[in-house]
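J.: Given next are the chains, with one letter for each unit.
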Amino acid sequence: MPTIWLVVSLFVLSAIGYFVGRNRALQSAGGDTRDLHSLPIYYGMNVALTALIPALSVLVIWVLAQPMIIDTQVSRTIPAELIPESSTRGLVMSDVRRVAEGLDLAVSLGGMTEADSQAINAETTDVRARLGEYGVALGSDVRPEVLKAAQTYRNLTATASLAMNLVVAVLAIGGLAFAYSKTHKDFRARNVVERGVLALLIFAASLAILTTVGIVFSMLFETLNFFSLHDWKDFFLGTTWAPNFRGDSELSILPLLWGTLYISFIALLVAVPVGLFAAVYLSEYASGATRAFAKPLLEILAGIPTIVYGLFALLTVGPMLVRVFGRGDNGLLGVEWMAGATSVLTAGIVMGIMLIPFVSSLSDDIINAVPQSMRDGSLGLGATKSETVRQVVLPAALPGIVGAVLLAASRAIGETMIVVMGAGAIAKFSLNPLESMTTITTRIVSQLTGDTDFASPETLVAFALGLTLFVLTLGLNVLALLIVRKYREQYE
Amino acid sequence: MNDMTLVERDVETRKTKISATDVQVYYGETHAIKDVNVEIEEKTVTAFIGPSGCGKSTFLRCLNRMNDTIDVCRVQGKILLDGENIYDKRVDPVQLRAKVGMVFQKPNPFPKSIYDNVAYGPRIHGLARDKADLDDIVEKSLRRGAIWNEVKDRLDAPGTGLSGGQQQRLCIARAVATEPEVLLMDEPCSALDPIATAQVEELIDELRQSYSVVIVTHSMQQAARVSQKTAFFHLGNLVEFGETGQIFTNPRDPRTESYITGRIG
Numbered sequence: 000m001p002t003i004w005l006v007v008s009l010f011v012l013s014a015i016g017y018f019v020g021r022n023r024a025l026q027s028a029g030g031d032t033r034d035l036h037s038l039p040i041y042y043g044m045n046v047a048l049t050a051l052i053p054a055l056s057v058l059v060i061w062v063l064a065q066p067m068i069i070d071t072q073v074s075r076t077i078p079a080e081l082i083p084e085s086s087t088r089g090l091v092m093s094d095v096r097r098v099a100e101g102l103d104l105a106v107s108l109g110g111m112t113e114a115d116s117q118a119i120n121a122e123t124t125d126v127r128a129r130l131g132e133y134g135v136a137l138g139s140d141v142r143p144e145v146l147k148a149a150q151t152y153r154n155l156t157a158t159a160s161l162a163m164n165l166v167v168a169v170l171a172i173g174g175l176a177f178a179y180s181k182t183h184k185d186f187r188a189r190n191v192v193e194r195g196v197l198a199l200l201i202f203a204a205s206l207a208i209l210t211t212v213g214i215v216f217s218m219l220f221e222t223l224n225f226f227s228l229h230d231w232k233d234f235f236l237g238t239t240w241a242p243n244f245r246g247d248s249e250l251s252i253l254p255l256l257w258g259t260l261y262i263s264f265i266a267l268l269v270a271v272p273v274g275l276f277a278a279v280y281l282s283e284y285a286s287g288a289t290r291a292f293a294k295p296l297l298e299i300l301a302g303i304p305t306i307v308y309g310l311f312a313l314l315t316v317g318p319m320l321v322r323v324f325g326r327g328d329n330g331l332l333g334v335e336w337m338a339g340a341t342s343v344l345t346a347g348i349v350m351g352i353m354l355i356p357f358v359s360s361l362s363d364d365i366i367n368a369v370p371q372s373m374r375d376g377s378l379g380l381g382a383t384k385s386e387t388v389r390q391v392v393l394p395a396a397l398p399g400i401v402g403a404v405l406l407a408a409s410r411a412i413g414e415t416m417i418v419v420m421g422a423g424a425i426a427k428f429s430l431n432p433l434e435s436m437t438t439i440t441t442r443i444v445s446q447l448t449g450d451t452d453f454a455s456p457e458t459l460v461a462f463a464l465g466l467t468l469f470v471l472t473l474g475l476n477v478l479a480l481l482i483v484r485k486y487r488e489q490y491e
Numbered sequence: 000m001n002d003m004t005l006v007e008r009d010v011e012t013r014k015t016k017i018s019a020t021d022v023q024v025y026y027g028e029t030h031a032i033k034d035v036n037v038e039i040e041e042k043t044v045t046a047f048i049g050p051s052g053c054g055k056s057t058f059l060r061c062l063n064r065m066n067d068t069i070d071v072c073r074v075q076g077k078i079l080l081d082g083e084n085i086y087d088k089r090v091d092p093v094q095l096r097a098k099v100g101m102v103f104q105k106p107n108p109f110p111k112s113i114y115d116n117v118a119y120g121p122r123i124h125g126l127a128r129d130k131a132d133l134d135d136i137v138e139k140s141l142r143r144g145a146i147w148n149e150v151k152d153r154l155d156a157p158g159t160g161l162s163g164g165q166q167q168r169l170c171i172a173r174a175v176a177t178e179p180e181v182l183l184m185d186e187p188c189s190a191l192d193p194i195a196t197a198q199v200e201e202l203i204d205e206l207r208q209s210y211s212v213v214i215v216t217h218s219m220q221q222a223a224r225v226s227q228k229t230a231f232f233h234l235g236n237l238v239e240f241g242e243t244g245q246i247f248t249n250p251r252d253p254r255t256e257s258y259i260t261g262r263i264g
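First to last, the protein sequences are chains A and B.
Residue 337 in numbering that gives the first Met the number 0 sits at position 338 of the first sequence; the count goes up by one each step and never skips.
Residue 169 in numbering that gives the first Met the number 0 sits at position 170 of the second sequence; the count goes up by one each step and never skips.
Just so you know, these hints were derived from the structure itself, not from any lab.
A quick note: this is a predicted structure, and the numbers were derived from the prediction, not measured.
In this text, a Cβ means the ideal position worked out from N, Cα and C, and glycines have one as well.
Be aware that a few hints might be false.
Said to hold, decoys possible - Dumping the calculated SDA-like pairs for lysine to any residue here, alpha-carbon to alpha-carbon at most 25 Å:
no.	chain 1	residue 1	chain 2	residue 2
1	B	K105	A	D375
2	B	K98	A	Q390
3	B	K139	A	M373
4	B	K105	A	L397
5	A	K384	B	E180
6	B	K105	A	L197
7	A	K485	B	L154
8	A	K184	A	N164
As the list claims (entries may be wrong) - Chain A stretches covered by chain B per the calculated footprint, using a threshold of three residues with CB under 8 Å from any CB of chain B:
no.	segment
9	372-381
10	386-399
Given only the sequences and the hints, what does the whole structure look like? Please build it.
T.: Quick look at the structure:
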């Protein structure tokens with residue numbers, strides 16, 4: 000029975016539970032809702048949730064855990080000496096899984112009976128050919144031990160699925176019966192449901208945090224793999240980024256970090272003044288009508304996919320900069336400083352444009368949070384509007400604005416598509432903003448999308464880069480949040 | 000209440016500082032102030048009393064054109080400061096507000112040091128020739144605000160760190176630092192405890208030596224204690240305006256009597 004039907008029947012059972020619970024509560028009160036401790040809906044919800052939640056949670060955990068446990072068990076049955084030298088245990092296990100799936104398919108298509116699939120023997124039958132009839136393509140002939148493992152795998156899966164269905168059904172029905180038996184007019188169903196809702200909220204909150212932890216760990220393991228293959232001193236302290244396939248790559252983060260920070264710096268140089276001035280205009284000077292019109296318009300910028308910004312960099316900004324700074328005598332300045340469209344300046348300007356709504360929208364909120372009494376105080380002393388903004392409003396909002404800028408900086412550092420298309424691919428230390436440079440994010444993309452061996456340091460370096468980037472932006476975000484929080488305490 | 004024997008207070012005629020004639024104020028469609036005529040004398044404390052929402056704060060804010068900052072607010076009529084219409088096109092509201100200072104209901108020190116709070120006005124108006132001059136102005140203003148002794152050792156501390164009463168006196172010091180001719184106070188004691196209130200009231204009485212003070216208050220005792228003239232507002236109308244002693248002991252209008260005896264409000 001596919002798991003989906005189990006889920007559907009769980010929900011049906013829970014719906015039934017809702018009505019029987021509600022009715023029982025009403026009956027116990029003689030049909031008078033005023034005699035109930037809680038509204039009838041709470042009694043129904045109590046029964047429905049008690050039937051549904053434990054069963055559903057067990058189902059989810061089981062579905063996630065079952066393949067892992069069975070994998071380990073089956074893997075243990077394959078002796079180490081039977082694993083070919085060119086292969087690994089993981090590869091053999093994926094063969095096993097594919098054969099098992101093939102047998103499943105063959106049985107479900109009616110080409111094999113269940114008994115056949117158990118009795119089939121690799122020494123007498125060409126398993127690869129037979130499974131091929133059902134559209135299951137196998138890379139090599141099926142060896143006896145793989146077939147045997149596959150059969151074990153299928154048996155274990157079948158048993159486990161049966162056990163799962165049973166356990167879940169018992170839990171659901173048991174939960175329903177338990178809650179039903181407790182349903183009585185004096186039962187505090189409302190409080191119980193309230194606790195259930197609280198648990199749901201806690202679950203949602205912890206899910207987000209656990210995901211972050213999961214991301215960090217998955218990166219951490221691959222990063223440790225990388226450092227076991229590559230010297231950490233070269234990674235953190237080296238000066239050259241030169242991956243190659245001979246195995247003596249120089250993989251240092253520093254040139255990439257330089258490119259990243261340089262481009263982010265230029266982006267902030269564009270985004271902070273423009274965004275801040277826009278925010279000051281919108282929150283202090285613009286009339287209600289202008290604000291209602293201009294603010295959403297500015298925020299549309301934030302909704303543009305970054306790949307579109309990348310195209311803008313590649314097709315418009317880059318060539319425009321070349322026309323100004325390049326082409327020798329044909330250019331606008333008559334200089335030959337810029338050769339190609341990709342450069343630090345191109346990526347920086349476009350990324351800055353991308354960050355403008357980010358900075359302006361955050362700063363606008365922060366400026367609006369400055370109490371009106373501050374402005375009144377300044378205006379009442381005979382200050383003009385711009386003096387008030389410069390000397391009272393902005394200083395009062397400064398910590399929040401710094402926080403906004405740091406958040407923008409961490410977005411700039413993590414930005415990928417714009418730099419992939421606008422910055423170029425050469426890793427170097429240079430102060431010239433008209434040269435192309437590369438960033439951490441672009442290198443992660445290029446190291447992972449090639450067809451190199453996944454276990455080589457050239458690929459694994461992507462995880463080390465990713466983790467460094469994560470730590471960097473995390474640090475910036477934490478700093479920004481600390482500053483913003485400190486600011487918030489000031490007026491409450 | 001000794002304060003009520005105000006009939007014998009000094010009532011010599013003084014020069015008129017502000018004269019308002021037929022002032023109307025509209026908030027969008029609402030007619031907030033109707034036909035108000037008031038003469039505010041120099042070196043006098045004038046109190047505006049009346050129930051909440053009667054327009055006394057609105058009228059106060061007309062006197063230094065703070066209502067200009069509210070989009071939907073329109074002011075009609077004539078308000079003369081030293082014979083010059085402040086709503087004339089040639090008058091710069093920014094210059095006007097330097098001459099007509101304002102202290103607000105809630106203490107609103109800027110998030111700057113105490114020194115910078117007081118120096119703010121003199122700096123933007125260029126009142127000080129040099130640093131020493133500015134120091135003098137700050138000290139003089141803080142003394143006038145009756146807070147010098149409490150803060151003289153920590154002028155660099157943030158103004159927001161003071162207690163509520165100190166903050167309000169700092170705001171008064173900040174307002175007098177620009178040498179205004181008139182000081183408008185919008186319920187300056189409503190956020191303060193009785194001790195701080197007493198300090199501020201004492202201060203108001205001293206300020207009367209040099210300025211014309213207009214104070215909006217909900218406390219009739221306060222009006223009786225600090226003011227020489229009292230105006231009673233009700234539903235946007237100026238009901239009665241006269242000597243404080245006369246208003247509190249012998250009101251001419253039955254509405255004034257009802258209000259000061261606590262029957263309407």
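J.: Evaluate each hint against the coordinates.
T.: Now the hints, each set against the structure:
1. K105(B) - D375(A): With Cα atoms ~11 Å apart, K105(B) and D375(A) stay inside 25 Å; holds.
2. K98(B) - Q390(A): It holds: about 20 Å lies between the C-alpha atoms, which stays within 25 Å.
3. K139(B) - M373(A): This hinted pair holds, its Cα atoms lying about 23 Å apart.
4. K105(B) - L397(A): holds, 23 Å
5. K384(A) - E180(B): It holds: about 22 Å lies between the C-alpha atoms, which stays within 25 Å.
6. K105(B) - L197(A): Outside the cut-off at roughly 40 Å; violated.
7. K485(A) - L154(B): At roughly 23 Å apart (the allowed maximum being 25 Å), L154(B) and K485(A) satisfy the hint.
8. K184(A) - N164(A): violated, 34 Å
9. 372-381: holds (count 10)
10. 386-399: With 5 residues in contact (Cβ-Cβ under 8 Å with chain B), the coverage given for the segment 386-399 of chain A holds.
Hint check: violations occur at hints 6 and 8; the rest are consistent with the structure.
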